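*Asks:* Chain residues, written in single-letter form:
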Amino acid sequence: MQILSLVDDQTVITASGVCRGWRDAIYFGLARLSLSWCSKSMNNLVLSLVPKFVKLQTLILRQDKPQLEDNAVETIAKCCHELQILDLSKSFKLTDHSLYELALGCRDLTKLNISGCSAFSDNALAYLASFCRKLKVLNLCGCVRAASDTALQAIGQYCNQLQSLNLGWCDNVGDVGVTTLAYGCPDLRIVDLCGCVRITDDSVIALATRCPHLRSLGLYYCKNITDRAMYSLAHSKVNNRMWGSVKGGNDEDGLRTLNISQCTALTPSAVQAVCDSFPSLHTCSGRHSLIMSGCLNLTSVHCACAVHAHRAFTTFPHPAH
Amino acid sequence: MSETDLAVIKPEMMKPYVWLQTSDDSIQQVEQEIAMFSPLICQEIIQKGMGSSKNCAICLPQQVSPAMLSLILDYCRFHQVPGRSNKERKSYDEKFVRIDTERLCELTSAADSLQLKPLVDLTSRALARIIEGKTPEEIRDIFHLPDDLTEEEKLEPLRNITADPRIRLLNRLYAKKRKELKERGRLKNVEVEEEHVDERSVDDLLSFINGNDGDPKGVKTSKNKKKNRRKKEQQKNSSLKEASEMNKKEVNGHDIRHQSSEAERISETSYLPYAEDDTFSPKVEFDDGDIDDEIDPALKEKIDREVEDFARRLNSDWPERMQELLSSGQERKTMLFTTDGFLRRQACMFSPCVTVFFLIHHMLSN
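Residue numbers (my numbering), protein chains in the order written: chain A, 1 to 321; chain B, 1 to 366.
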């Protein structure tokens with residue numbers, strides 16, 4: 001199996017037709033399979049292959065053209081009970097039926113990517129959350145119908161181990177959903193709310209106060225975010241440091257990536273406060289982790305290393321000057 | 001070496017050895033430092049105190065033959081030397097795995113049983129390179145594996161990977177073979193039918209096209225008759241499989257190649273037995289005299305020019321059109337170009353000569 005882990009997935013499938021020994025070894029030993037290379041008949045491929053690979057833990061079914069249909073996901077749910085990682089991104093043809101089947105069949109899911117699956121509803125997602133309680137990574141980018149406050153409340157209630165959530169361009173998401181999520185999932189490390197135009201400072205404050213391990217926060221195009229949210233983030237560092245000293249946390253904790261592009265209501269002083277609180281946030285080139293494009297009034301905000309470099313340059317001018 | 005000499009040698013200069021027993025029960029003495037590369041041997045030495053003498057030699061797993069042990073020790077000796085550059089190590093590794101597949105498999109198995117992860121990775125990568133891009137048959141030949149799967153089991157994975165052009169080609173070949181076998185079986189039991197000749201005059205054909213001065217009912221009835229006739233003839237010749245025919249016609253001295261559609265083949269009364277290559281019906285010459293009655297000479301000349309021009313155009317871009325037809329999978333349609341550049345796609349229900357008459361009639365009506 002180690003040899004087959006080094007070859008491409010097409011070769012693995014071909015190898016299963018060599019002899020009985022190889023076939024059985026592959027069928028009962030293969031843990032990871034990607035069919036993203038299949039550009040035409042992925043649905044048929046899933047229907048015929050997945051029932052044989054009973055020990056699958058990772059299944060990547062990312063598509064460029066939508067091919068997967070509900071019957072394929074139903075087969076996955078019925079056969080792959082050990083599945084932990086599933087990528088169904090861009091499966092435009094899938095309906096709620098798929099999520100209901102996954103909820104019943106794949107309860108050990110830890111990573112689920114359904115970005116671009118625009119047909120899913122929030123009820124189906126809430127149902128999935130109530131069964132798949134081990135979810136740690138969930139990508140809902142572009143799932144406009146599925147990602148609503150109702151669904152987020154269910155996720156906050158049941159998926160308490162969640163660490164990463166992408167809600168990009170889910171414009172039905174509001175403060176109620178994000179706040180419930182922050183309270184229910186204290187382990188959240190990565191939250192992407194880019195394009196969630198309805199959220200306000202309350203969401204950011206909830207995340208800042210309730211999620212001490214928050215590393216990355218995307219607020220691109222969240223026009224309603226004001227300085228109040230920024231000061232809350234800056235202040236959370238102090239609280240988390242106190243909490244960390246009790247639990248033995250390290251100094252590296254805290255925000256490492258913050259995207260506030262197009263958040264035009266923010267002022268330099270508030271953003272600078274966040275930048276000063278989190279040394280891992282950089283505005284300097286090469287380590288750009290505080291992203292502020294489109295905010296022309298924030299040009300004066302600089303990270304510590306940029307300030308030091310500027311000071312060094314002014315203190316010791318170039319000999320040529 | 002005398003005892004006094006031995007006393008002079010410092011302890012760190014003495015190389016400790018361990019005794020290893022391979023699968024054929026032969027015992028070898030190996031430098032402990034090299035042997036300890038294997039976590040399995042290391043465990044035996046440290047935890048169980050084995051290998052210190054010939055009597056308590058470390059029994060190596062069944063997969064480790066003397067030849068394989070020798071190879072493994074060579075690998076460990078090279079990598080144990082400090083100060084070698086990554087380039088040197090890489091170069092050595094590349095040469096090291098340039099051995100025949102059988103030995104490479106044995107080496108992988110032996111290294112795996114000794115838990116030598118770096119060597120297992122190296123040999124696995126080499127084997128992966130051998131396997132990649134090969135068909136199941138080739139893999140079986142390379143590794144001398146038994147051919148113990150049924151035909152269906154063998155083809156199942158291939159049938160699924162339709163994205164692979166090689167497999168698509170293979171599947172097509174299989175389908176063709178099956179078709180040929182079926183056809184041969186059918187043709188054995190079939191008597192070849194007599195060839196029927198269409199004896200209708202040009203006038204009859206023209207009136208058939210016009211459908212009794214545009215009476216829709218008339219057209220409808222003729223269509224139904226045609227359908228019935230077609231059904232009868234299909235039943236009559238159901239056992240025969242007609243190949244696609246290319247009918248070559250001459251219009252005013254210009255060749256027109258016309259690909260007959262399935263409907264057209266059924267309506268045509270001459271049937272050809274199944275043939276592998278394209279067959280061409282004999283050239284048909286016909287006289288325009290009947291059509292040209294009661295037409296002004298100037299108009300006649302104009303029509304002649306247009307027909308000639310049409311024929312020339314049809315000939316000039318025939319290969320491209322043929323390619324286009326084949327690629328778009330529309331062999332069942334016939335393209336008709338009129339003088340005003342209007343493109344018509346018509347399911348052809350008539351024989352090729354009728355198609356040409358229909359074209360001329362269309363020109364006249366314009």
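Honestly, I wouldn't trust all of these hints.
[What the hints assert, rightly or not] List time: in silico BS3-like cross-link candidates among lysine-lysine, alpha-carbon distance up to 25 Å:
hint, chain 1, residue 1, chain 2, residue 2
1, A, 93, A, 78
2, A, 52, B, 134
3, B, 117, B, 90
4, B, 179, B, 154
5, B, 154, A, 52
6, B, 154, A, 55
7, B, 134, B, 87
8, B, 134, A, 40
[Unchecked claim] Per label pair, the in silico range of CB-to-CB distance:
hint, chain 1, residue 1, chain 2, residue 2, range
9, A, 305, B, 129, 26 to 34 Å
10, B, 135, A, 144, 41 to 49 Å
11, B, 129, A, 186, 46 to 54 Å
12, A, 305, B, 48, 33 to 41 Å
13, B, 25, A, 24, 54 to 62 Å
14, B, 150, A, 8, 23 to 31 Å
15, A, 186, B, 137, 18 to 26 Å
16, A, 107, B, 148, 35 to 43 Å
17, A, 288, B, 16, 29 to 37 Å
18, A, 160, B, 80, 44 to 52 Å
19, B, 23, A, 186, 51 to 59 Å
20, B, 151, A, 93, 30 to 38 Å
21, A, 288, B, 101, 47 to 55 Å
22, A, 186, B, 135, 49 to 57 Å
Worth flagging that the hints you see were computed from the coordinates, not collected in a lab.
Because the structure is a prediction, the values reported are computed rather than measured.
For each residue, glycine too, the CB sits at the ideal point set by N, CA and C.
*Asks:* How does the Cβ-Cβ distance of residue 186 of chain A and residue 135 of chain B compare with 49 to 57 Å: does it lie in that range?
*Replies:* holds, 53 Å
*Asks:* Does the structure keep residue 93 of chain A and residue 78 of chain A at a Cα separation of 25 Å or less?
*Replies:* holds, 19 Å
*Asks:* For the hint 35 to 43 Å, verify it against the beta carbon of residue 107 of chain A and that of residue 148 of chain B.
*Replies:* holds, 37 Å
*Asks:* Mind checking the hinted window 33 to 41 Å against the Cβ distance between residue 305 of chain A and residue 48 of chain B?
*Replies:* The hinted range 33 to 41 Å is violated for residue 305 of chain A and residue 48 of chain B, with Cβ atoms some 55 Å apart.
*Asks:* Between residue 23 of chain B and residue 186 of chain A, does the beta-carbon spacing fit 51 to 59 Å?
*Replies:* holds, 56 Å
*Asks:* Holds or violated: the 26 to 34 Å window for the beta-carbon distance between residue 305 of chain A and residue 129 of chain B?
*Replies:* Since residue 305 of chain A and residue 129 of chain B have Cβ atoms about 45 Å apart, the given range 26 to 34 Å is violated.
*Asks:* Can the restraint linking residue 134 of chain B and residue 40 of chain A be considered satisfied, given a maximum Cα separation of 25 Å?
*Replies:* holds, 22 Å
*Asks:* With a cut-off of 25 Å on the C-alpha distance, tell me whether residue 179 of chain B and residue 154 of chain B pass.
*Replies:* Within the cut-off at roughly 21 Å; holds.
*Asks:* A range of 46 to 54 Å was offered for this pair. Does it hold for the Cβ distance of residue 129 of chain B and residue 186 of chain A?
*Replies:* Between residue 129 of chain B and residue 186 of chain A, where Cβ atoms are some 47 Å apart, the hint holds.
*Asks:* Compare the distance between the alpha carbons of residue 117 of chain B and residue 90 of chain B with 25 Å, and conclude whether the hinted pair is satisfied.
*Replies:* It holds: about 16 Å lies between the C-alpha atoms, which stays within 25 Å.
*Asks:* Between residue 25 of chain B and residue 24 of chain A, is the Cβ distance one that fits in 54 to 62 Å?
*Replies:* The hinted range 54 to 62 Å is violated for residue 25 of chain B and residue 24 of chain A, with Cβ atoms some 33 Å apart.
*Asks:* For the pair we were handed, residue 134 of chain B and residue 87 of chain B, check the Cα-Cα distance against 25 Å.
*Replies:* The hint is violated at about 30 Å.
In the structure shown, a violation is registered for the earlier hints numbered 7, 9, 12, 13, 15 and 17, in ascending order.
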